[in-house]
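Given chain A's structure and the hints, the job is docking chains B and C onto it.
Residues per chain, in single letters:
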Amino acid sequence: MTSNPLRKLLFDEKIRSIWIQALIVGLFAFLVYTVSQTTAYNLEKRGIGTGFEFLQMSAGYDISFSLIDFTSKDTHLRAYFVGVLNTLLVSVTGIFLATILGFLVGVIRLSSNWLFRNIAYVYVEFTRNVPVLLQIILWYSILIHLPKVKQAVQFLEYFYLTNRGLYSPSPIFLEGFRFVAWSFVIAIIFTSFLKKYLKKKQNITGNQYPIFYINSAIIIFTPILIFYIMGMPMEFSHPVIKGFNFQGGMVLRPEFMGMLLGLSIYTAAFISETVRSGIMAVSKGQREASQALGLKSNFIMRLIIIPQALRVIIPPLTSQYLNLTKNSSLGIAIGYSDLVHGFGGISLNQTGKAIEIMLIVMVTYLIMSLTISLLMNIYNRTVQFKGNA
Amino acid sequence: MSEIVISLEKVNKWFDDFHVLKDIDLSVIKGQKIVVCGPSGSGKSTMIRCINRLEAHQGGKIVVHDTELTNDLKNIDIIRKNVGMVFQQFNLFPHLSVLDNISLAPIWVKKMPKKEAEKVAMAHLEKVKIPEQAHKFPGQLSGGQQQRVAIARSLAMNPDIMLFDEPTSALDPEMIKEVLDVMIQLAEEGMTMLVVTHEMGFAKTVADQMIFMDEGKIVEQATPDEFFNNPKSDRTKLFLSQILNH
Amino acid sequence: MTTAAINNSFLRSKAGIWLRKNLFSNWVNTFITLLSLYFIWEVGSFFLNWAIFDADFLVNFRGEEILDRTYCSKNIEPGLHGACWAIIDARFYQFMYGFYPAEEVWRVNLTFFLLPISLVGIFFDKIPYRKFFIYFTFLFPFIAYYLLYGGPTLSQVGTNKWGGLLVTLFLGVTGIGLAFPLSILLALGRRSQMPIISSMCVIFIEFIRGVPLITLLFTANVMLPLFLPDGISPDNLLRALVAVTLFQSAYMAEAIRGGLQAIPRGQVEAARAMGLSYWQSTRKIILPQALRISIPPIVNTSIGLFKDTSLVLIIGLFDLLGIGRAALADMSWIKLYYEVYVFVSLVFFIFCFAMSRYSLYLEKKLKTDNSK
Numbered sequence: 001m002t003s004n005p006l007r008k009l010l011f012d013e014k015i016r017s018i019w020i021q022a023l024i025v026g027l028f029a030f031l032v033y034t035v036s037q038t039t040a041y042n043l044e045k046r047g048i049g050t051g052f053e054f055l056q057m058s059a060g061y062d063i064s065f066s067l068i069d070f071t072s073k074d075t076h077l078r079a080y081f082v083g084v085l086n087t088l089l090v091s092v093t094g095i096f097l098a099t100i101l102g103f104l105v106g107v108i109r110l111s112s113n114w115l116f117r118n119i120a121y122v123y124v125e126f127t128r129n130v131p132v133l134l135q136i137i138l139w140y141s142i143l144i145h146l147p148k149v150k151q152a153v154q155f156l157e158y159f160y161l162t163n164r165g166l167y168s169p170s171p172i173f174l175e176g177f178r179f180v181a182w183s184f185v186i187a188i189i190f191t192s193f194l195k196k197y198l199k200k201k202q203n204i205t206g207n208q209y210p211i212f213y214i215n216s217a218i219i220i221f222t223p224i225l226i227f228y229i230m231g232m233p234m235e236f237s238h239p240v241i242k243g244f245n246f247q248g249g250m251v252l253r254p255e256f257m258g259m260l261l262g263l264s265i266y267t268a269a270f271i272s273e274t275v276r277s278g279i280m281a282v283s284k285g286q287r288e289a290s291q292a293l294g295l296k297s298n299f300i301m302r303l304i305i306i307p308q309a310l311r312v313i314i315p316p317l318t319s320q321y322l323n324l325t326k327n328s329s330l331g332i333a334i335g336y337s338d339l340v341h342g343f344g345g346i347s348l349n350q351t352g353k354a355i356e357i358m359l360i361v362m363v364t365y366l367i368m369s370l371t372i373s374l375l376m377n378i379y380n381r382t383v384q385f386k387g388n389a
Numbered sequence: 001m002s003e004i005v006i007s008l009e010k011v012n013k014w015f016d017d018f019h020v021l022k023d024i025d026l027s028v029i030k031g032q033k034i035v036v037c038g039p040s041g042s043g044k045s046t047m048i049r050c051i052n053r054l055e056a057h058q059g060g061k062i063v064v065h066d067t068e069l070t071n072d073l074k075n076i077d078i079i080r081k082n083v084g085m086v087f088q089q090f091n092l093f094p095h096l097s098v099l100d101n102i103s104l105a106p107i108w109v110k111k112m113p114k115k116e117a118e119k120v121a122m123a124h125l126e127k128v129k130i131p132e133q134a135h136k137f138p139g140q141l142s143g144g145q146q147q148r149v150a151i152a153r154s155l156a157m158n159p160d161i162m163l164f165d166e167p168t169s170a171l172d173p174e175m176i177k178e179v180l181d182v183m184i185q186l187a188e189e190g191m192t193m194l195v196v197t198h199e200m201g202f203a204k205t206v207a208d209q210m211i212f213m214d215e216g217k218i219v220e221q222a223t224p225d226e227f228f229n230n231p232k233s234d235r236t237k238l239f240l241s242q243i244l245n246h
Numbered sequence: 001m002t003t004a005a006i007n008n009s010f011l012r013s014k015a016g017i018w019l020r021k022n023l024f025s026n027w028v029n030t031f032i033t034l035l036s037l038y039f040i041w042e043v044g045s046f047f048l049n050w051a052i053f054d055a056d057f058l059v060n061f062r063g064e065e066i067l068d069r070t071y072c073s074k075n076i077e078p079g080l081h082g083a084c085w086a087i088i089d090a091r092f093y094q095f096m097y098g099f100y101p102a103e104e105v106w107r108v109n110l111t112f113f114l115l116p117i118s119l120v121g122i123f124f125d126k127i128p129y130r131k132f133f134i135y136f137t138f139l140f141p142f143i144a145y146y147l148l149y150g151g152p153t154l155s156q157v158g159t160n161k162w163g164g165l166l167v168t169l170f171l172g173v174t175g176i177g178l179a180f181p182l183s184i185l186l187a188l189g190r191r192s193q194m195p196i197i198s199s200m201c202v203i204f205i206e207f208i209r210g211v212p213l214i215t216l217l218f219t220a221n222v223m224l225p226l227f228l229p230d231g232i233s234p235d236n237l238l239r240a241l242v243a244v245t246l247f248q249s250a251y252m253a254e255a256i257r258g259g260l261q262a263i264p265r266g267q268v269e270a271a272r273a274m275g276l277s278y279w280q281s282t283r284k285i286i287l288p289q290a291l292r293i294s295i296p297p298i299v300n301t302s303i304g305l306f307k308d309t310s311l312v313l314i315i316g317l318f319d320l321l322g323i324g325r326a327a328l329a330d331m332s333w334i335k336l337y338y339e340v341y342v343f344v345s346l347v348f349f350i351f352c353f354a355m356s357r358y359s360l361y362l363e364k365k366l367k368t369d370n371s372k
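From first to last, the protein sequence lines stand for chains A, B and C. The first sequence: position 146 = 146 (this note's numbering), numbered continuously. The second sequence: position 132 = 132 (this note's numbering), numbered continuously. The third sequence: position 193 = 193 (this note's numbering), numbered continuously.
Next up, chain A with everything else stripped away, as it sits in the complex (with noise of 0.2 Å):
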């Protein structure tokens, strides 16, 4: 092996490795350098700075569905929060419907009962093969064309379906309250403990105690018991037609409802399957070296199935979650004011700080995501089986 410097120059692996990145780097700063140059003349040439001063002009339009109080005179800055809040509102709701639903389905799929299994693989089926933009247009639709405030659709003797929006008794919390809400948080802790005191009871004495029963009641009926103490401390306010439209009480809008609907039904179809694949996948002997040893079927599934099938849905649920999340982005489609609506679709429009805006409006859905997925690390971390196998 000679060691002339050319020959080590291309071949030796070392050095062939450094300048062929270094090739890259300089290749890439290249890039950048001519795209930023262009990019910068076109600005100019268009009139449009850069810079992020405009977050602190006022964004001059209205946003119909906010968390927090928003005027036209407002900034854009706080139009971007009113985006991030309503993407966290539809999001978080729509996972935990989703979620809810999903498990169920997935159940239901691995039902004995041939013909509601199938009614469930039906429904997956046709949720997860059409654009989960034409599923949120779909319900939007059907949710406008409600009838009209005048002759809304009532049920429940005060709640009112229009093609407005759902509307709702509002409650109103009187004085004592606070204690009814009090006693639900000391209901929870006290459980908590209530449970560690009778698990250790249990492993003392061998005795099982029904703990989540006692414990749902607990919660249950704790502020029940409370609010019936203090007298009641709550009232409503219900929507009343004057004119052409409510007042009082409070309402879901279309744009929202729709949104939910949208999201939850084609992520629960996903989770379903998900959660079926994952109870499947905990293998045949694990039930029968259970059913061998005389465990009871709900046994079986707590103590053995359950874990096991968790471990492996919950990675996958995880990516479930964030796809929702990404969806939520499509309600500028039906006019929800989630964050790329609002000040990624109209701040950019009127401030034509297309750059900035839309680096903003990616780097906040990238916070979102790899929050989630770091947290799904962290989790799977620790409930990886001990061992190699």
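FYI, nobody ran anything at the bench for these hints, they're computed from the structure. Keep in mind the model is a prediction, meaning the values are calculated, not measured. Wrong hints could be hidden among the right ones.
In the DSS-like style, the derived pairs of lysine-lysine whose C-alpha atoms are separated by at most 30 Å in a straight line are [to be verified]: (1) A/K284 <-> B/K114; (2) B/K177 <-> A/K284; (3) B/K177 <-> B/K22.
Using the frame of chain A, we list chains B and C on its own:
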């Protein structure tokens, strides 16, 4: 002392159209060690899996300790508490430690206090000679160790009868001996055992009765002496010639 | 029960056994079965009545031809509620081709016809003359470009005239096709030993996967003209194609990476021990195996992409769904939204369901191939 603990009368079973058990008659006396052998597909695993209702028989009668095995869930429970089973694939619970694997059933089925259950578990771990593995997880053990844990797990419930479904077939050769040693020790202590296996050395050492099954029927049943030296049926002879000529 | 009795009842009512086991095994099950039957009856009859039995297809209940929504039976007679499918027929050309000039549409039809032929080589590996089919697969993009866009002897049809299924298929097929080689490079790059390359690939992949497709479409739409020198302004469809391709390549790269990880190290070691270089061993040994394993997740991401092409309507392009919405905006057909959405859903469903069936078929094939 010839109390019959398991009795199968004219037991028949189908998998869809396939007739897998045909008129099986078998009586197991307390303390007996019965080895079942035969070609694959002969129904031997199915037969012992019917005894603890992992498979359901469609015809005939199975009685374990005076309890008849039917769809009655209470009967099934009673039988499973008294019959232990060791699987070819071990089927240990990977998310629980070895100690938890063994103490699980005593805690949740027999409602033992945790400390007592763990004492029982450790005692059985010592019996299978791996007490130091108590806090490891199945994934960290060798195949032979895992199977011994599986045996300890079944023994922890104090069964009268132990069923073995090809317990060493999934093991590397050098680990078969450690498992067979445990089984031999169990036999010497008087356990009633029904073992499906290809290990003829073990059979010769331990068995009171040899059963040869083929195509769903019990073809021959005899003492090991008669079975190996003077088999009556041609099929038995053929099988023995194949399996003993290594 | 004697053996004979068991024999009889079992063999006699095989269907009976199935019914009993699956639908009526116990009281709860029977109740669920009855509930399900009721549910199917209610929903099914409602939908079938609306879609088929009470629906107008081309003529209404009086036998008149339906020229616009005022002729639909449900708009004339208050008691009638059937669908009015005439809108689909009236706009069918647009659903298929968008605004493509009618006299040139034979070119699109030819492309549609050639498309499945170009895919035969990829999907089926046991057909005769497979080599020719593969050649055709590589030639097809150029042929399609020439046919659809124009060139010597064919007049130019700008992409702003393309629409409907043409756009959906164009974005889907081209997106997947272009993303594929890119994703292989990304997957290999991510696993590279050279830190610069691997970190660039990781950053790219994680960035693309962390943001919604709509932001990429917006970026491509608004920013691409800013990045390029004056005068070069790629048309809208192309911008969307760039966004879609980059998006798909990141997801596909992850699918391929899974396949690469599944190849035992021994394969790489054996290949290098034989003296093969990195590229040789990758091309001849690793990639073929990895791709085979990754095909089901690749098909799954492709199904996702196909559905996601519908997002381009938000940036003003007229894909299948976009044409549907445009049709609904037309005064003469307003309010027939369910007909349009059901039709569009059906088209998407057919394509996606077929792809997912193919993916299942592949998975089964891989399992049986591997367990030899």
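Here is what the structure says about each hint:
1. A/K284 <-> B/K114: holds, 28 Å
2. B/K177 <-> A/K284: holds, 27 Å
3. B/K177 <-> B/K22: Violated, at roughly 34 Å.
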